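J.: With the hints as constraints, model all of the structure from the sequences given.
2 protein chains.
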Amino acid sequence: MSNRINNFDENYIYKILKKNFKKNNKNFLNNIGDDASILKLGNKKYAVSCDIQIENVHFSFKYSKPEEISYRAVIVAISDLLAMGARPEFFLNSLNIKKGTSSKIIDKIFYGFKKAARDFNLELIGGNVSSSKQFSLDLTVIGVVKKKYISRGSSVGQNIYITDNLGTASAGLKILKNKKKYEGLNVKKIIQAYIKPELNIHKLNKLISTNLIKSMIDVTDGLTIDLKRLIKYKDKSLGASIIWEKIPIERSLYKFFNQKTIENLVMNGGDDYKFLFTVDEKDKKVFESKIKSKKIKVHNIGNTDNTGVIKLIKSGMVKKIDSGGFLHRF
Amino acid sequence: MSNRINNFDENYIYKILKKNFKKNNKNFLNNIGDDASILKLGNKKYAVSCDIQIENVHFSFKYSKPEEISYRAVIVAISDLLAMGARPEFFLNSLNIKKGTSSKIIDKIFYGFKKAARDFNLELIGGNVSSSKQFSLDLTVIGVVKKKYISRGSSVGQNIYITDNLGTASAGLKILKNKKKYEGLNVKKIIQAYIKPELNIHKLNKLISTNLIKSMIDVTDGLTIDLKRLIKYKDKSLGASIIWEKIPIERSLYKFFNQKTIENLVMNGGDDYKFLFTVDEKDKKVFESKIKSKKIKVHNIGNTDNTGVIKLIKSGMVKKIDSGGFLHRF
Numbered sequence: 001m002s003n004r005i006n007n008f009d010e011n012y013i014y015k016i017l018k019k020n021f022k023k024n025n026k027n028f029l030n031n032i033g034d035d036a037s038i039l040k041l042g043n044k045k046y047a048v049s050c051d052i053q054i055e056n057v058h059f060s061f062k063y064s065k066p067e068e069i070s071y072r073a074v075i076v077a078i079s080d081l082l083a084m085g086a087r088p089e090f091f092l093n094s095l096n097i098k099k100g101t102s103s104k105i106i107d108k109i110f111y112g113f114k115k116a117a118r119d120f121n122l123e124l125i126g127g128n129v130s131s132s133k134q135f136s137l138d139l140t141v142i143g144v145v146k147k148k149y150i151s152r153g154s155s156v157g158q159n160i161y162i163t164d165n166l167g168t169a170s171a172g173l174k175i176l177k178n179k180k181k182y183e184g185l186n187v188k189k190i191i192q193a194y195i196k197p198e199l200n201i202h203k204l205n206k207l208i209s210t211n212l213i214k215s216m217i218d219v220t221d222g223l224t225i226d227l228k229r230l231i232k233y234k235d236k237s238l239g240a241s242i243i244w245e246k247i248p249i250e251r252s253l254y255k256f257f258n259q260k261t262i263e264n265l266v267m268n269g270g271d272d273y274k275f276l277f278t279v280d281e282k283d284k285k286v287f288e289s290k291i292k293s294k295k296i297k298v299h300n301i302g303n304t305d306n307t308g309v310i311k312l313i314k315s316g317m318v319k320k321i322d323s324g325g326f327l328h329r330f
Numbered sequence: 001m002s003n004r005i006n007n008f009d010e011n012y013i014y015k016i017l018k019k020n021f022k023k024n025n026k027n028f029l030n031n032i033g034d035d036a037s038i039l040k041l042g043n044k045k046y047a048v049s050c051d052i053q054i055e056n057v058h059f060s061f062k063y064s065k066p067e068e069i070s071y072r073a074v075i076v077a078i079s080d081l082l083a084m085g086a087r088p089e090f091f092l093n094s095l096n097i098k099k100g101t102s103s104k105i106i107d108k109i110f111y112g113f114k115k116a117a118r119d120f121n122l123e124l125i126g127g128n129v130s131s132s133k134q135f136s137l138d139l140t141v142i143g144v145v146k147k148k149y150i151s152r153g154s155s156v157g158q159n160i161y162i163t164d165n166l167g168t169a170s171a172g173l174k175i176l177k178n179k180k181k182y183e184g185l186n187v188k189k190i191i192q193a194y195i196k197p198e199l200n201i202h203k204l205n206k207l208i209s210t211n212l213i214k215s216m217i218d219v220t221d222g223l224t225i226d227l228k229r230l231i232k233y234k235d236k237s238l239g240a241s242i243i244w245e246k247i248p249i250e251r252s253l254y255k256f257f258n259q260k261t262i263e264n265l266v267m268n269g270g271d272d273y274k275f276l277f278t279v280d281e282k283d284k285k286v287f288e289s290k291i292k293s294k295k296i297k298v299h300n301i302g303n304t305d306n307t308g309v310i311k312l313i314k315s316g317m318v319k320k321i322d323s324g325g326f327l328h329r330f
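These protein sequence lines map, in sequence, to chains B and H. Note that the first sequence covers residues 1 to 330 in our numbering. Note that the second sequence covers residues 1 to 330 in our numbering.
These aren't lab readings, by the way, just hints derived from the structure by calculation. Some hints could be false.
If chains are identical, the list can't say which one is meant, so a pair holds when it fits in one copy or spans any two.
Unchecked claim - Computed cross-link-like contacts, PhoX-like style, restricted to lysine-lysine with a CA-CA straight-line distance of at most 20 Å:
no. : residue 1 : residue 2
1   : Lys62     : Lys189
2   : Lys108    : Lys15
3   : Lys294    : Lys44
4   : Lys282    : Lys214
5   : Lys260    : Lys22
6   : Lys115    : Lys18
7   : Lys23     : Lys297
8   : Lys148    : Lys19
9   : Lys62     : Lys99
10  : Lys19     : Lys234
11  : Lys65     : Lys189
12  : Lys282    : Lys181
13  : Lys19     : Lys114
14  : Lys114    : Lys26
15  : Lys108    : Lys18
16  : Lys114    : Lys23
17  : Lys314    : Lys236
Small disclaimer: the values here were computed from a predicted structure and weren't measured.
T.: Written as structure tokens, this is what we have:
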């Protein structure tokens, strides 16, 4: 942007918040900037989060059906609660409708909500409706924290794991944006990773039940940026090394994209909604034997260190990765 | 709108919700369509609500300063909690920023939040940030219900009260839209009722402590529509009579507007954030003596009946009022 004043991104907001908003209420247990806010309400802990989906920013009616958009909005919103170790229970929906929208689209939007509510055992408890220039859905989700909540913020000497393939969702979006090119090819699985990311809550619950996860985040804006958010949340002096060859990638991507594109999709694509977490080195053996006995698979893609730098190691070559991924800019 | 399919308003959404979303979770205590959702969380009850403010729908940078817009967004949001008898404690802010917005505006938006947080003893606990074509702020607020929550939905044989003047806020907006006409005139008080509606929480708490309020709503979209929402929420067969001469109106309005305009501002203007509530006829004497001893004043503007019709009685003439006020249409 030409005007220097306007040249800011979402990180600017976090700086304002950090500087100006001090915690006063002892029932607010974590801090702004985590995946969700943890509150002590009554005698229990809850996670609360809101997440907006705006037309032509987060989704397009060109690529998704209305019922897919609302269903995905629920996935996106509850992913933040799941990343804190909370069980989603309730959601509110602030629906902002562009004038001229057909009521059939609204019916389908609510059909998607109904389906998601049933699939994830959630209850729609309210919201509001407004007219708007741009169609958007802003979901607030509330979930209960059964045991301990899991925050962002890693420590030195931890192993970094990812629950599942990265890059598939953004590859799916790329295909949707260029449908003609892929006509007749078997790209359904890839597209589906964007349209309806699989959260695999069952697997996540098993992971959490090991009690060995020390920090966690959901990968929404790309591995590069979300890894930084995960490890540096409490301690800026932390660094990490990620081994490219250990990152799980959907095999069929190699049929449709070259190496360079795949690296970009995996590292900076986002929209995957897989979970990135750390386990202490000392707990590694116990953790891995526990998950083996639970019959689940996760991927140890690297480890934290005290260098302050995040590095990608590919074919033995070390590359600093300090920017990338999706940041809202204004 | 020309296309019949598109000819729907926000009531259409409530119909979808009523038809398709059945209550399953026993911890959701009231119903969609109330001012806020009441949840049993842990061993306490909480009220949760979200309320969006969209540029050129709910506010304009032409009429309000950025810090006034965010401050008012907090007022608007917590008003829903207050109308349920809850004490606001936390808020999340989903901030959607139009590209090209200056960072100074963002600073001021957060200054308004900070001021409101201090004035209302609230804690900002999170939110999210996105780019958008239209500037908007979507607030989610959470408050604790200390005793019983107060729902919408009146009964036959109740007196209808309003806490304070109606029509002033929309008169203020009318003046702001035509500033030149009112230059040099003493309209500050009227404008202020729009810019920063006075919630008078102290008075509301005293009213609630009588334990005699049977139903309540905040007047946001105009007396006509909000009265209908209040009394018919549980029983469509209810009606009401409102006596025009009993509605409190800021005296200075008569200096600037004619009778017809004032009636429209009072009945359909909205934006007042005063509280409309009912008290059983049998409790009327006790209620009024209680509030007298608490040194607060409210206005008995009418009563409910079993006619199904809402009537305005002005100079002894009865007029049916079944539409009016602000409804989002698409």
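J.: All hints are to be evaluated individually against the structure, with a verdict given for each.
T.: Hint check results:
Only within a single protomer do Lys62 and Lys189 lie at most 20 Å apart by alpha-carbon distance; the minimum there is 19 Å, versus 49 Å between protomers. For the homomeric pair Lys108 and Lys15, the shortest alpha-carbon distance between copies (14 Å) is at most 20 Å, but the shortest distance inside one copy (39 Å) is not. In the homo-oligomer, the alpha carbons of Lys294 and Lys44 never lie at most 20 Å apart, since the shortest distance is 28 Å inside one protomer and 36 Å across protomers. Taking CA atoms no more than 20 Å apart as the test, Lys282 paired with Lys214 passes inside one copy only; the shortest distance there is 12 Å, against 60 Å between copies.
Taking identical chains as interchangeable, the C-alpha atoms of Lys260 and Lys22 are never at most 20 Å apart, the minima being 44 Å within one chain and 49 Å between chains. Taking identical chains as interchangeable, the C-alpha atoms of Lys115 and Lys18 lie at most 20 Å apart only when they sit on different chains, with a minimum of 16 Å there against 38 Å within one chain. Taking identical chains as interchangeable, the C-alpha atoms of Lys23 and Lys297 are never at most 20 Å apart, the minima being 39 Å within one chain and 36 Å between chains. Taking identical chains as interchangeable, the C-alpha atoms of Lys148 and Lys19 are never at most 20 Å apart, the minima being 28 Å within one chain and 38 Å between chains.
In this homomeric assembly, Lys62 and Lys99 come within 20 Å of each other (Cα to Cα) only inside a single copy, at 18 Å, whereas the closest approach across copies is 22 Å. In the homo-oligomer, the alpha carbons of Lys19 and Lys234 lie at most 20 Å apart inside one protomer (16 Å), although the nearest pairing across protomers, at 47 Å, exceeds that limit. Proximity of Lys65 and Lys189 under a CA criterion of 20 Å is satisfied intra-copy only: 17 Å inside one chain copy versus 49 Å between copies. When the C-alpha separation of Lys282 and Lys181 is checked against a cutoff of 20 Å, the pair qualifies neither within a copy, at 49 Å, nor between copies, at 75 Å.
For a Cα distance limit of 20 Å, the shortest separation of Lys19 from Lys114 across copies, 11 Å, qualifies, whereas the shortest one inside one copy, 40 Å, does not. In this assembly of identical chains, Lys114 and Lys26 lie within 20 Å of each other by CA distance solely across copies; the values are 18 Å between and 36 Å within a copy. Taking the shortest Cα distances, Lys108 and Lys18 sit within 20 Å of each other only across copies (15 Å), while inside one copy they are farther apart (40 Å). In this assembly of identical chains, the alpha carbons of Lys114 and Lys23 lie at most 20 Å apart only when taken from different copies (12 Å versus 36 Å within one copy).
Taking CA atoms no more than 20 Å apart as the test, Lys314 paired with Lys236 passes in neither setting, with 24 Å inside one copy and 68 Å between copies.
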